[in-house]
Amino acid sequence: MSFLPLVLSVKCLNWRMDDIDSEVHDAEFKRVRKKALERDKNSCRFCGFTSLSYQEVHHFNDNHSDNRLENLVTACSFCHMVQHIGLAGKNKEASLVWLPEISQANLHHLVRALLVAQYPGAYASAAPRRTARSMPTGPSPEQQRISEVARATMSALRDREYEAERRFLTSDPAVLGNALKLLPDEFYELRSETLSGLRLLPLGRRTNGDKNVMAEMLSVWTDRGGPFSGMKPTTWEGLLKSKFGSL
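Numbering (numbering that gives the first Met the number 0), first residue to last: 0 to 246.
Think of the hints as simulated: they come from the structure by calculation, not from any bench. Ideal placement from N, C-alpha and C gives every residue a C-beta, glycine not left out. Hints should not be assumed to be uniformly reliable.
[What the hints assert, rightly or not] Here are the in silico distance ranges between beta carbons for each label pair:
hint	residue 1	residue 2	range
1	T193	V31	29 to 37 Å
2	E100	F2	32 to 40 Å
3	A26	S139	45 to 53 Å
4	E100	E27	27 to 35 Å
5	G196	K91	20 to 28 Å
6	T193	R144	15 to 23 Å
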């Protein structure tokens, strides 16, 4: 299956807040949104991540009043951030890093794994059922070790913010987003080449209104039947070190 391209973007067309018919268009969107998720089998069209909950739907042509089914595509929260980097920066959900050796889509898969590896519920869902008497009182040494590896890997990724600042004078997606919105269309269309090697790094936060729902998302992902259900984060230590030890 071929995925849609992930290019750092801002929305310069019709936003709901600028649309005098926004209430009508919102109602249309809610009706068609479910059809888009069903058509895509809840799989992100940009990276392939699949989850029955917390998937989002993106207006492919940027126009939020265009709610035709063919204009709506399923996107995971991380890939959706890439379409709205200014908003991701404003909400402190992501930073900019220089990371040409990892594609944007693969970076999203990596960050999800790192977040899950640090989430206590991931170990509970992967473990056999226990009686109340046999429940552990805290994380095992093995769990602590893989969590530390995940934190260290995330820290190494964030260190790449310095190179982004050196090359582009900022690691704040909101600043870059404002700059992109000021570009003439012909230069904006060249951003995939101009920004090649620059990545949007999700920071483990996803805002819904005034609430950070990332913990709820991790709970769903690691619960029985979720995309990380039954996986043992303790088996990822060697993989992370071998593939990303140079970060």
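Given the range 32 to 40 Å, decide if the beta-carbon distance of E100 to F2 lies inside it. Taking Cβ atoms as reference, E100 and F2 lie about 19 Å apart, which means the hint is violated.
Outcome of range test on Cβ distance (T193, R144; 15 to 23 Å): violated, 41 Å
I want to verify a distance hint. Is the separation of the beta carbons of G196 and K91 within 20 to 28 Å? Because 23 Å falls inside the window, the suggested range holds.
Looking only at beta-carbon atoms, does the pair E100, E27 fall within the given range of 27 to 35 Å? violated, 42 Å
Hint check for V31 and T193 - Cβ pair distance inside 29 to 37 Å: With Cβ atoms ~34 Å apart, the hint holds.
Given the hint of 45 to 53 Å, is the C-beta distance from A26 to S139 inside that range or not? This hint holds: roughly 50 Å between Cβ atoms.
The structure does not agree with the numbered hints 2, 4, 6 stated previously, though it agrees with the rest.
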